[in-house]
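K.L.:
Spelled out, the chains give:
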Amino acid sequence: MSYLNVRNVGKAYKRYPGKWARLAEWITGQERHEKHWVLRDISFEVAPGEAVGIIGINGAGKSTLLKVITGTAQPTTGSVEIGGRVAALLELGMGFHPDFTGRQNVYMGAQINGLFTEQIGELMPKIEDFAEIGDYIDQPLRTYSSGMQMRLAFSVATAIRPDVLIIDEALSVGDAYFQHKSFDRIRKFGAQGTTLLIVSHDRNAIQTICNRAILLKAGVVVKEGEPEEVMDYYSALLADHQSQIVKQTISVEQKVKTDSGTYEAQVTQVEIFDAKGQKIEVVPVGAWVTVRITVIINRDIDGLVLGFGIKDRLGQMVFGTNTFHTKQRIEEAKKGEICLFDVSFHANLGVGSFSIHCSLVRNESHVEKNYHWIDRAKVFEVVNVDKPLFVGCAWNNIQFKIKKVSDAQEITMDS
Amino acid sequence: MLHPVMFRSLWQYRGFVWGSVLREFNGKYRETLFGAFWAVAGPLTMIVIYTVIFSQLMRPTLSGHESTPFAFSIYLCAGSISWGLFAEMLGRLNNVFLENGNLIKKASFPRICLPMIAILSALINSGILLGIYLLFLLIIGHWPGLPMISIIPLLVLQLLFTMGLGVALGTLNVFFRDVGQIIGVVLQFWFWLTPIVYTLQALPEGARELMQFNPLLPLISAWQTVFLDRTWPDFASLLPLVVLTLLMLWLGAWLFMGRVGELVDEL
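So the protein lines, in turn, are chains A and B.
Just so it is clear: in the first sequence, position 385 is 431 by the numbering used here, and no numbers are missing.
Just so it is clear: in the second sequence, position 254 is 248 by the numbering used here, and no numbers are missing.
Since no wrong hints were added, every one of them can be taken at face value.
Here are the computed lysine-lysine pairs in the BS3-like style, where the Cα-Cα straight-line distance is at most 25 Å:
1) Lys415/A with Lys380/A
2) Lys65/A with Lys99/B
3) Lys100/B with Lys81/A
4) Lys60/A with Lys99/B
Pulled a few chain A residues facing chain B out of the computed Cβ check, cut under 10 Å:
5) Lys57
6) Tyr59
7) Leu136
8) Glu137
9) His143
Quick partial rundown of chain A residues pointing at chain B, CB under 10 Å, derived from the structure:
10) Gly117
11) Thr118
12) Gln120
13) Met140
14) Gly141
15) Met154
16) Ile158
For the record, the hints were derived by calculation from the structure and aren't laboratory data.
Heads up, the beta-carbon is just placed ideally off N, CA and C, and yes, glycines get one too.
Sequences and hints are given; from them, build the entire structure.
P.N.:
Shown next, in the form of structure tokens:
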């Protein structure tokens, strides 16, 4: 049975004032170090089959937490209980040696996970098959591209379905094809009851795979909950290191709305209009709509860029851009001014609920200066009025060209 | 080291330990044209040089073995093999955690595997040397016969002693990197303070007295007795080393078990 229990885990590294202090401590038995805490009082439980994402900026303690969970490092306080077969992808290709062939390295990589030679022999065809590196399997590893190395390493590490799978950003490498493939395998493991713990900066990965997300900041859990909500909060935190308020309020739609920033410029209203200028809440598929965003300037600023995006029900960005990229940056704005941004587009969206995300920033991205950032500034429904039935999150006016062929001769000519 | 859990996890990871030993051996000669020949070439060279220099050029005589051909080579090689194993093993154990720092930080496996891999690797190298040495003895007609069995307990004792001392030093070396440097210096002195290249009899009385404090002396002497005199060694003389070995094993286990968790924080 797989389980993962993290109880009041804290981790401190020892810091000695000088080179001789440690020796003095060992000899006299008197503590001479100060503790540098990187994790404090972290508690959470992961149920069997649950997938939990851990997010946080660099240095928040994510990797240390994973090390403590996998048993690579020992917690200073608290305890970790972990049950079943544990596989950790902290770093792919650990124990690989460049001079040996891929096949030999498979043995090495699997042995370090506690597998026996005979077991590995049995798994070998599956591993080769999944890695899809062909004849390279019998070439020295140093002749591999980094992508191939990582394919092989991933295949080895996940050759047997573990009860608990711990992944540290390992998935952000490799080409799109293999990423899909590895995600599929991880999802399948999850469906079969594998408990997942993932550290990633990839919003998509966290939101699509995880049931829950935990946000770490300076070694402390600052937020825990639905991935979308936590990711929004994280984006807001990331937005700026200036003093700013991050607050979350439950909006009418019962989803948490995150808004943050310095409020030097502020979005006051977001409305949707149809082609006739009528205010609407429900948008027909493919209709021409205009979103009007009203912005008030609270202080003199030397640059203003509006970021606009549409997210689907799961919080995935369907489309987004900003006025920096369209070369429409406002160079200067005075206190008290009001700017109206009219964003017009064809609502080529699938049926369902979508939200509008807007941000007011000084330049290209929100990292430098973030005036105002709102997730789910406006939620609207898309309905299918006059289009043929279709599924998916995007509308595409596709055409089928169909021809009945009665003669075999014709087929060969056609193809 | 003396904990049942440790033995169990070591047994569970025997595939990894044995695989690593083999890979290390293969890896050394992997990209060479002559392959495993090089594993034999080194030891062979040593025996040939010792033989040529000391039986043809310098001709030192050993009292009681004036009529034995190659007597000094036999003596020199016996001591060198035993010492070589000790020095190689100690040197490797000393750095075993530092060298594998990355592995320790990133992968979770029983840490005791690492010293085990180092010990077995060193044993293989010495095994080859010993094999060639025995072949040499056979060819020159100086086969030691039955007393050779005593090499087994001698080896076991030496392994345990080196293991205890080496694991203790290896653990210390992570926290105090000076240890590694000190060992290099100490090994040099220790080698020349052990009758390997010279004989105990060649020393003046006072020096011989002092030599009794060298714990490795009875061990090396035992090897020399077995191969040169072809008689059973004086097992009673090994008693102090047995006691010291137990002490070292305890020290190694105490340091390793107590600090293994903290180890990774320092790498």
